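Modelling step: build the complete structure from the supplied sequences, incorporating the hints.
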Amino acid sequence: MAHIGESWLTFDSLTQHVVKTINPKRILDIGAGGGKYGALLKNVVPECELTALECDEVAFPQLREVGYHQILPIAADKLYERSGDLYDVVILGDVIEHMLHSQGRDLLEFLNYRSRYLIISTPECMPMSRPIFFEGHNSLWRPDSFGWHDYWAHQQCGVMHFYLLRGHDNWAGPGLAEVVSAVNGAGIFNDHSSDKKQAVNLTIHDTRYKEPADEHNVVLYRPF
Numbered sequence: 001m002a003h004i005g006e007s008w009l010t011f012d013s014l015t016q017h018v019v020k021t022i023n024p025k026r027i028l029d030i031g032a033g034g035g036k037y038g039a040l041l042k043n044v045v046p047e048c049e050l051t052a053l054e055c056d057e058v059a060f061p062q063l064r065e066v067g068y069h070q071i072l073p074i075a076a077d078k079l080y081e082r083s084g085d086l087y088d089v090v091i092l093g094d095v096i097e098h099m100l101h102s103q104g105r106d107l108l109e110f111l112n113y114r115s116r117y118l119i120i121s122t123p124e125c126m127p128m129s130r131p132i133f134f135e136g137h138n139s140l141w142r143p144d145s146f147g148w149h150d151y152w153a154h155q156q157c158g159v160m161h162f163y164l165l166r167g168h169d170n171w172a173g174p175g176l177a178e179v180v181s182a183v184n185g186a187g188i189f190n191d192h193s194s195d196k197k198q199a200v201n202l203t204i205h206d207t208r209y210k211e212p213a214d215e216h217n218v219v220l221y222r223p224f
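Each residue of the sequence shown is one higher than the one before, starting from 1 at the first, in the working numbering.
In short, the hints are calculated from the structure, not lab data.
Computed from a prediction, not measured in an experiment: that's the story for all the values here.
Don't take each hint at face value.
Straight-line alpha carbon distances no greater than 27 Å define the calculated BS3-like cross-link-like pairs of lysine-lysine that follow [as the list claims (entries may be wrong)]:
no.: 1; residue 1: K78; residue 2: K25
no.: 2; residue 1: K197; residue 2: K42
no.: 3; residue 1: K196; residue 2: K20
no.: 4; residue 1: K196; residue 2: K210
no.: 5; residue 1: K42; residue 2: K78
no.: 6; residue 1: K25; residue 2: K42
no.: 7; residue 1: K197; residue 2: K20
Below, the structure is given as structure tokens:
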């Protein structure tokens, strides 16, 4: 598939397999740009409603062309005014590093209560300064940035990080362990560079709260 926009190709196959396993009905793509994820996923989950969040009106015709059903012409912080909107999957592909870290963290916590899964792809050690603040890179998202979350998976490939967070909304459908097992066993690879690939091997980070019910049983407050 042709490269669309500025987003890296590193985790494209992984993203397709993750989304196919989750089988969402509604996806929100934050900072959709040229529509990479719409083009990447429209045939993977053809019954899914794809929503693009994008401020640049110049991109709207291409976003419609690649398959988005709805476009939200707003900045990400305006999602707080739409707090009743729920999604099965929210994607932030090469987006969160353009935010202040505090703004990104606030947004992730908000979305964590309004989605089943969050998919985040982000680079590190990649300076990008621009005259317009949000066109540059402004924050670093290594695994220690996700210590606030209790159940997520991660893989690094070169300078790129992939995160899959299990949200609090609607615990129906495949759980995180099931999704990770499916994609790790699919025999797919991340594109490290033009001549190097890396096998997909997501690692789960699990600090979910557990409370003893009696000497034999444990209550797990986030079972999926």
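Status of the hints after comparison with the structure:
For the hint pairing K78 with K25, the CA-to-CA distance comes to about 23 Å; that is within 27 Å, so the pair holds. Taking the CA atoms of K197 and K42, the gap is near 25 Å; set against the 27 Å cutoff, the hint holds. About 25 Å separates the Cα atoms of K196 and K20, which keeps this hinted pair within 27 Å; it holds. Taking the CA atoms of K196 and K210, the gap is near 41 Å; set against the 27 Å cutoff, the hint is violated.
Distance check on the hinted pair: K42 and K78 sit about 26 Å apart at the alpha-carbon level, within 27 Å; holds. Note on K25 and K42: the hinted pairing holds, with a Cα-Cα distance of about 12 Å set against a maximum of 27 Å. Between K197 and K20 the CA atoms are separated by roughly 21 Å; this keeps the pair inside 27 Å, and the hint holds.
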